[in-house]
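*Asks:* Those sequence lines, one after another, are chains E and R.
Counting from 1 along the first sequence, just add 5 to a position and that's the residue number in our numbering.
Counting from 1 along the second sequence, just add 20 to a position and that's the residue number in our numbering.
Rather than coming from a laboratory, the hints here were simulated on the basis of the structure.
You may find that some hints are simply not true.
Claimed, not checked - Which stretches of chain R does chain E cover? Using the computed rule of at least three CB atoms under 8 Å from a CB of chain E, they are:
{"#": "1", "stretch": "27-34"}
{"#": "2", "stretch": "86-96"}
{"#": "3", "stretch": "263-273"}
{"#": "4", "stretch": "296-302"}
As the structure is a computational prediction, the values presented were derived from the model and not from experiment.
We treat Cβ as the ideally placed atom computed from N, Cα and C, and that holds for glycine.
Take a look at the letters that make up each chain.
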Amino acid sequence: MSNVGKSPWIIHYDGSSCNGCDIEVLAALTPLYDAERFGVVNTGNPKHADIFVVTGGINDQNAPVVKQIYDQMLEPKVVVACGACACGGGVYQTCYNILGGVDTVIPVDAYVPGCAIKPESILDAVIAGVGILDEKAKAMKMNPADKDRSEKDASTGAHASVADVDDGTNADAE
Amino acid sequence: MSKRTVVPFGPQHPVLPEPVHLDLVLEDETVVNAIPRIGYVHRGLEKLVEKRDYTQFVYVTERICGICSFGHSLGYSECVEKLMGIEITDRAAYLRVIFHELSRMHSHLLWLGLLADGFGFEALFMHAWRLRETVLDIFEEVTGGRVIFSACDVGGFRQEVSNETLAGIVAKLERLRDEYRTIAKTLLEDSSVKSRMVGVGHISTDKALELSMVGPFARASNVATDERLNGIGAYGDLAAFEPVLSDGGDCYARCDVRVREVLQSIDIISELVDKIPDGEVMVPVKGNPEDGAQAMTTLEQPRGQAFYYSKGNGTKNLARMRVRTPTSQNIAGMVAALSNVELADVPMVILTIDPCISCTER
Numbered sequence: 006m007s008n009v010g011k012s013p014w015i016i017h018y019d020g021s022s023c024n025g026c027d028i029e030v031l032a033a034l035t036p037l038y039d040a041e042r043f044g045v046v047n048t049g050n051p052k053h054a055d056i057f058v059v060t061g062g063i064n065d066q067n068a069p070v071v072k073q074i075y076d077q078m079l080e081p082k083v084v085v086a087c088g089a090c091a092c093g094g095g096v097y098q099t100c101y102n103i104l105g106g107v108d109t110v111i112p113v114d115a116y117v118p119g120c121a122i123k124p125e126s127i128l129d130a131v132i133a134g135v136g137i138l139d140e141k142a143k144a145m146k147m148n149p150a151d152k153d154r155s156e157k158d159a160s161t162g163a164h165a166s167v168a169d170v171d172d173g174t175n176a177d178a179e
Numbered sequence: 021m022s023k024r025t026v027v028p029f030g031p032q033h034p035v036l037p038e039p040v041h042l043d044l045v046l047e048d049e050t051v052v053n054a055i056p057r058i059g060y061v062h063r064g065l066e067k068l069v070e071k072r073d074y075t076q077f078v079y080v081t082e083r084i085c086g087i088c089s090f091g092h093s094l095g096y097s098e099c100v101e102k103l104m105g106i107e108i109t110d111r112a113a114y115l116r117v118i119f120h121e122l123s124r125m126h127s128h129l130l131w132l133g134l135l136a137d138g139f140g141f142e143a144l145f146m147h148a149w150r151l152r153e154t155v156l157d158i159f160e161e162v163t164g165g166r167v168i169f170s171a172c173d174v175g176g177f178r179q180e181v182s183n184e185t186l187a188g189i190v191a192k193l194e195r196l197r198d199e200y201r202t203i204a205k206t207l208l209e210d211s212s213v214k215s216r217m218v219g220v221g222h223i224s225t226d227k228a229l230e231l232s233m234v235g236p237f238a239r240a241s242n243v244a245t246d247e248r249l250n251g252i253g254a255y256g257d258l259a260a261f262e263p264v265l266s267d268g269g270d271c272y273a274r275c276d277v278r279v280r281e282v283l284q285s286i287d288i289i290s291e292l293v294d295k296i297p298d299g300e301v302m303v304p305v306k307g308n309p310e311d312g313a314q315a316m317t318t319l320e321q322p323r324g325q326a327f328y329y330s331k332g333n334g335t336k337n338l339a340r341m342r343v344r345t346p347t348s349q350n351i352a353g354m355v356a357a358l359s360n361v362e363l364a365d366v367p368m369v370i371l372t373i374d375p376c377i378s379c380t381e382r
């Protein structure tokens, strides 16, 4: 667990899932699996979130919603596609109202297989997501354009950007 | 009259695990009208019968909804068995009802947790979901799955469950009952919890009948509707069955009904485990549904009456498979319950109908 440098906050959205994966995402946060021991908090505000957990496939009506939540999240951000449907349509793949997995509208960083997924695998994916988040934060520091933007975010008080918070913790790595 | 404002609610909202959109028309803080918009989870499952044959389709019906998963496979299987004239064994019928009641417990415990979260009682949410894990452990032990477990199939029940395992399940549930009483006491007797729920989102008995409400939502308005009264399957072998009713009609009454239904489910399971006959759990299924044959059946899902219709066309694919789910019946009731509540109470009123959007939109 030494590689987990920060407390990842997640935002969850049900694309067109059957609920099976959604209740398992919630179950991962409750006492038996207790994701909060890794600092994972479920937030409803896209601007507070680091990791976007999407369950279910994409249809015409929810595609703009998923895209909007993704756009509202601040960099660096990680998308975790939870369950067979989010990965590629799953059992609904051939339904007339399913466009495909989450990666048809937004880039996905981690795919979690299973129908329904197990809470253990969600924990696994979120922890893996933190690693990706750290890498993205480092890449942003290398890129001055991104750094200016994150400083601007911090100065307007909109969100203490993850890159800035990381400055202290990742000092050794640089 | 003050100026009217429209506040959009959803599809992404912290209180909702599922996407539904409501336009809330407000006068100051009070909701005067709520206009629902659905379709975010529509997949088009009913049309999938053209691509999946009738034995494969049971896995699709399970995925209509992950919470009512077992119920949907049960309703579909009963409907197709009726269509093809298949008689299942008594043991299979008992096992189906035992697992359906366990599903109801898991669904209600999940809902009680979400309700607690809805009025800001985080600790109660955690405790309700901790207890729910006991039920999920039983599912995992017997079938290998936690929420979707493919136990019910056309022709019976796929797992042979020994009498010892069943006795173990009852022992686990008896232990759960004691712990559950503490949670139930907090939900029903704590003064701050009561102050959030009593008198909020009231629906009268007449209004409930007029809006054709179903399930615990209707029973909380004193409408004695419960498909289990029809005695389909092993429900017919119960010594007595009385639906749980309350005449409050408000959020508190809906909570009260579901709290008592969990205890009722434990009683039903204990009784059926005592009475379960020995025998096979699957009968062989051969042939295809006849051309033009039709069958329908109803089932009491955790959220209310669900209706299943199927029609054969002589091939291995069904001509039509139709499901009418409880939440689609209850949306009119939800809109009625939302009128004249304060904006801050909206999430809780929506929760108390226990909406299942995946079922509704399929």
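*Asks:* For which of the previously enumerated hints does the structure constitute a violation, in increasing order of number?
*Replies:* Going through the list in order, the structure violates hints 3, 4 and respects the others.
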